[in-house]
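The opening residue of the first sequence carries number 1 in this note's numbering; numbering runs sequentially from there.
Some hints here could point you the wrong way.
To be verified - Here are the computed lysine to aspartate or glutamate pairs in the DMTMM-like style, where the Cα-Cα straight-line distance is at most 25 Å:
1. Lys152 / Asp201
2. Lys152 / Asp140
3. Lys152 / Glu133
Hints were generated in silico from the structure; no laboratory data involved.
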Amino acid sequence: MPELPEVETTRRGLVPRVAGAHVGRLVVYDARLRWPVPGHLADVVAGRRIDAIDRRGKYLLFRFGGDAMIVHLGMTGSLTLHDAPPPRRPHDHVDLVLAEGGVVRYHDPRRFGAFLWQEGPRPHALLDGLGPEPFDPAFDGAYLRARLRGRKAPIKALLMDARIVVGVGNIYAAEALFRAGIRPATAAGRVSRARLARLADCVREVLSASIARGGTTLRDYVGSRGERGSFGEQTFAYGREGLPCRVCGTTLRGVRLGQRASAYCPACQRG
DNA sequence: CGCTGACCCTGACGGC
DNA sequence: TGCCGTCAGGGTCAGC
1 MPELPEVETT
11 RRGLVPRVAG
21 AHVGRLVVYD
31 ARLRWPVPGH
41 LADVVAGRRI
51 DAIDRRGKYL
61 LFRFGGDAMI
71 VHLGMTGSLT
81 LHDAPPPRRP
91 HDHVDLVLAE
101 GGVVRYHDPR
111 RFGAFLWQEG
121 PRPHALLDGL
131 GPEPFDPAFD
141 GAYLRARLRG
151 RKAPIKALLM
161 DARIVVGVGN
171 IYAAEALFRA
181 GIRPATAAGR
191 VSRARLARLA
201 DCVREVLSAS
211 IARGGTTLRD
221 YVGSRGERGS
231 FGEQTFAYGR
241 EGLPCRVCGT
251 TLRGVRLGQR
261 ASAYCPACQR
271 G
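Please take these sequences and the hints and turn them into a complete structure.
See the structure below:
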């Protein structure tokens, strides 16, 4: 679920109350996530001050001095803030109880998310090798050109590859490619220089627009106050196979790339 | 090295 | 009603 806008929306919702607060206790109801929640995590964060909540790609980093608790929401994860622990529902796996009052609850039906511990300043292996943030000025047409030259994989697959650029998942890849006029199955190395430059801008535009609307809720995702994101109501490509293009009326086609559905407009997307 | 597909897990939905 | 296949905002990993 959560792509960059959803993770960022979650982060912004948590910061006012959580940053600067102390951990009363961390309660792990079910440690069976993407990787097992480390057994010592609860002990190692107990009583410590959460200095900040940062985001790197789709990862949230709860900073404790030079250490960090890394949280990933997977496909169906959410973190919600409550004054007191609400009754537990199915798939509520972790509570971060604040000493000052308040609880951050982790809910994740598919359990593809993760809670991990990063000791010291050296980045966790998962964060090592990540590509630039989309809003980093270094992410531009020239960068894409350099990274994608000669690559034969579909442009959409590489746009979703966190080693190329972080934060772009299935929804925003489809939307950015629509805006940039590029078909998702086009071999990445064959996309023109001009379209790659446009693509970098379109990725930023789409992500910014979604953050402004609180992200996209398809099913599970909710922000830190349980609110749904409304960006999904205005997609141009994602989920619109067989429907008329919102720009030109042509019927959108669908292809499957790497087990993921990809809709596009054959008229608007010719690159 | 690059690319493709299987896999992790649960739930919702459509077809029969 | 129930069962079965297919599909979901994530990512890793094995195999060719």
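These are the hints, each one checked on the structure:
Annotation: proposed proximity of Lys152 to Asp201 holds, straight-line Cα distance about 22 Å (limit 25 Å). Restraint check: the Cα-Cα separation between Lys152 and Asp140 comes to about 20 Å, which is no more than 25 Å; the hinted pair holds. Between Lys152 and Glu133 the alpha-carbon distance is near 23 Å, which keeps this suggested pair within the 25 Å criterion.
In this structure, every one of the numbered hints holds.
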